[in-house]
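A.B. asks: Residue-level listing of the chains:
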Amino acid sequence: MMTRWIRCASLAASMLLAAVAVASSKDVRLSGAGATFPAPLYTLWVSEFQKLHPTIKIDYRSIGSGGGVKAITDRTVAFGASDAPLNAREIEALGGPDAIVHIPTVAGGVVPAYNLPGVTAELKFTGEIIADIYLGKISSWDDPRLREINPGVTLPRLAITPVFRTDGSGTTFVFTSYLATQSPIFAGEIGAGKQVNWPLGQGGKGNEGVAAAIQQTRGALGYVEQNYAAANKIAYGAVRNSKGNFIRATPATMSAAGEGHSDALKGTVFQANIWNAAGPDAYPISAFTYLIFFRNLDNLVDAADAEAFVKFVRWAVSDGQKFAADLEYAPLSPEVRAQVESVLDRVTHKGQPLSTAK
Amino acid sequence: MSQTTPTPAATGDATARSGPSRAGGFGEAKRSVGDWLLGVLCRSSAGVMIAMLVSLLGVLTWSAWPAISAYGLGFLVGTEWRVNELQRPVRDDAGKIIFRDGEMVTETVPQMFGALPVMYGTAMSSLLALMIAVPLSFGAALFLVRVAPKLRIAGPVSFLVEFLAAIPSLAYGLWGLFVLAPFLQEYVGPTAERWLGGVPWLRWMFYEQVIVAGRLIERPIAMTGRDLLCGSLILAIMVLPIITSVSRDVLKGVPRSQIEGTLALGATWWQSCLGMLRYGRSGLFGAVMLGLARAAGETMAVAMVIGNNNQISASPFAPAATMASLLANEFQDPGEGLHRPSLLYVALVLLVMSLLFNVVARWFVVGKGGGVSAAH
Amino acid sequence: MSSALVRRRLFSNLMFGVCISCAAGIVSLLLMVLGYIVWIGFASLSWGFFTTVPTGDLSDPGGMRHAIEGTIILLMLASAVGVPIGLFLGIYLSEYDSEWYVTGPVRFVADVLAGVPSIVVGILGYELVVVPISRLTSSQVSYSGWAGAAALAFIMIPIVARTTEEMLRLVPRSYREGSLALGATKAQTIARVVMPAAFGSVTTGVVLAVARVAGETAPLLFTALGSRLLTRNPNEPFPSLTLQIYAYATGPYPEQKRLAWAGILVLVAILFVVNLAIRWAAHRHTRQRTA
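Residue numbers (the numbering used here), protein chains in the order written: chain U, 1 to 358; chain B, 1 to 376; chain R, 1 to 291.
Some hints here could point you the wrong way.
[What the hints assert, rightly or not] Calculated cross-link-like contacts (lysine-lysine; reagent style BS3-like; alpha-carbon spacing at most 30 Å): (1) U:K350 / U:K233; (2) U:K57 / U:K70; (3) U:K57 / U:K322; (4) U:K243 / U:K51; (5) B:K96 / U:K243; (6) U:K137 / B:K150.
[Said to hold, decoys possible] If we take Cβ atoms under 8 Å as the criterion, some of the chain R residues that face chain B in the derived model are: (7) S12; (8) I26; (9) S28; (10) F88; (11) I91; (12) G115; (13) F199; (14) I264; (15) V266.
[Unchecked claim] Listed next, the stretches of chain B that the computed footprint assigns to chain R, with coverage defined by at least 3 CB atoms under 8 Å from CB atoms of chain R: (16) 225 to 232; (17) 297 to 309.
No lab work stands behind these hints: they were computed from the structure. Backbone N, C-alpha and C fix where the C-beta goes; we use that ideal spot for every residue, glycine too.
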């Protein structure tokens, strides 16, 4: 009987010691949440960064841009991630533009994917044509406007079925925002947003649902994220940009879209809509994805936590960018990167500036 | 019922006095801890049931309240479901876009939610399903009651029909998505278009009219296989077993004398069947209502094959959406503003509708139709 | 014979044939649907299906062991709550019917709740379980196995209650009266006489309810959410066979779609065996009693 109590007591004591040991270890734990688009890259960044700094443990949960914005507003996470830039109301809820840091990490794009049996060449589209397809004005693949920009390709007399996303997503936001710049009728009838009211076509849930619908419907045209299409070998077309060149979405062309937006930085908030960008090689349906956190990292308890976090972000926008291209994300162009790094110098913790060591 | 003689051991106890003539009529006094405990457990489970209903209606109404107060009953006839705001270019009287300082003048069109498209989708798919399923079910029920007993196959066939009811809707959804929809896309759609596309009064089936910038455009409907027709067919297959088995039970309850009476008067087999159908008409109506309730609430199979397009369209070859499929697709990550309350409003409407169908159905089947067990 | 009579007879024979073909049509539809499930599902089935978990690899997606375990755990959790409440409710409706002014409305409520669309139950589970938990733990959205089990229990309770009540009512009054005449209390009567007499059929009802709930997908969409990880912890998003089949079937990857067919075959096969066993047991039971 006595031995049983002794065993219990020693077990409890050893557990207590272990708990104390763990609690007093120098591990930094940070959490972030938000957009699903960059999630694979952020997960890779976190694991690569942890290899370099084993005591810094970061956890990223992809719950959607909306969830990420809410999480950072509720201060339940250290950083939030969003595909769409925050609007004025959301920034006010966080304390105003001087209270936050809002920076791009990588760029991505949305591509027009299609299912045209018998056509192996890569098709060309313009924003106006895509808008008219979704509005219903163009109903067949052999429409003269499509044939005009695709000379040499025999387009069959097949009905076009537009495919769209039924759930709210940054992909729809980027796609519709671009089309709204190309067609005022589109802007007036369908408009831009994470979720819009499509007059015709088939709906699918998520990138997978859209890809499945495109696969199963002959003559379908839909929109998916570029890295999703690349990873799953889905045929997609080139889109004409503002300089008249037909550009296919690749990390290089999406990065090019991010160039020339140096006037987008206002204080610590860098927001730029890089669709329909001006560069000759820019892919027109591109967008940044953003990281949002507080300029005064008082929501993190220790200065050590704040330093670790800033170290991570610095690493992500510099060394981490090489992982981006591997996963078909578009790295930040050099001038954007320089601006982001200058913003990071202004992050403080409890009024004290943080060391700028990498 | 006469009183039993109390045994000596139970003097002074209120033993099994004849209670009210219901099954399980018991005496009144509780005399042991076991009785008290069982009573508490049973009554609290009844309380749980009431709480379940109250919480269902209450939580949905509470969460949907912002949409209910914003739209009221007009929600049920609103045709637009738009989560985002629009920047609509303002046009002058001639229809041309107005420009000021080189920029288009636009007006902001706010969010708008209306449930009519999904209510239409639910109603049309359920009605089409019933139109296909009810004749088949009644015919099969007549077979099971009049013909099968003589052939000794009533048992196995009934088992098969009830097993059909137990198959999860996911299985029908998979079959519909991978077998029926491609079949409709490759064969049925193009064939129908080829043969019937020229018929003028069927034009609405193959051409749709779209309003773009104030102008009407007519365009042919693309046959994708995933449309209202496919959804209705799958729903028809899913409600067949329930209508068949309830109708069979109703028709079994028709007294032999009725059937023999009609035959004695010289009726043919079919005419005596008509007599049976007429006799059990309220129960049969209840069976149809049960099928309707099931069809209206069906989610997974419909979401997989109906095309998920939240618009009203006359043609069965156009994609559509039902209340249940809308919820399945959009509830996960709702947008801002009134999106989530509107989704909950739709859920509330769906709930009230199914409850109504079920209540009416049960009243006809168990009450008036007579004799059919409620365990369906 | 007058021509009108001939016509009527002919029409009657025609309708006779129509009725037979209706029944044949329904049976062949069933066989067609089942046939596809067996044919395609069987070709995709392998031992790996039951033993491996999802890999990230699209050309070799692994198996559905996590989903099978997930469904089993969800059913256990749901039954732990749903079966007792349903049983007690069934006993109440049958044995305490002297309080008819309460049992009448409660019976009505049970019938009404049995007809609630399962997606609405899932939404209720989200509002009542997922949202409060996420507020209390101030995490983002807490999908969990608990919420999924709660939604399944909600569906299970009215079904178990009504079938239990029906089966208990079939027990002859003489059983109860005899027991009471021997001096047993009401609780003893119910526990030792009535329930054992109805044991077989009540168990049948419970098993059928669990089987019905095993095939549900919609209530789990916004409660358990689904997961690709093998987990036994109901505090996090929880996998389920139905959710996994749905996710694979609505995606574009052919290997995953084959797994979806295999999964639905497994589900339908289990339901078939359960239904058959129930029928056989009931058949044997009635033969014994009437023999």
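A.B. asks: Would you list, in rising numerical order, the hints stated earlier that this structure does not obey?
C.D. replies: 1, 4, 6, 9, 13, 15, 16
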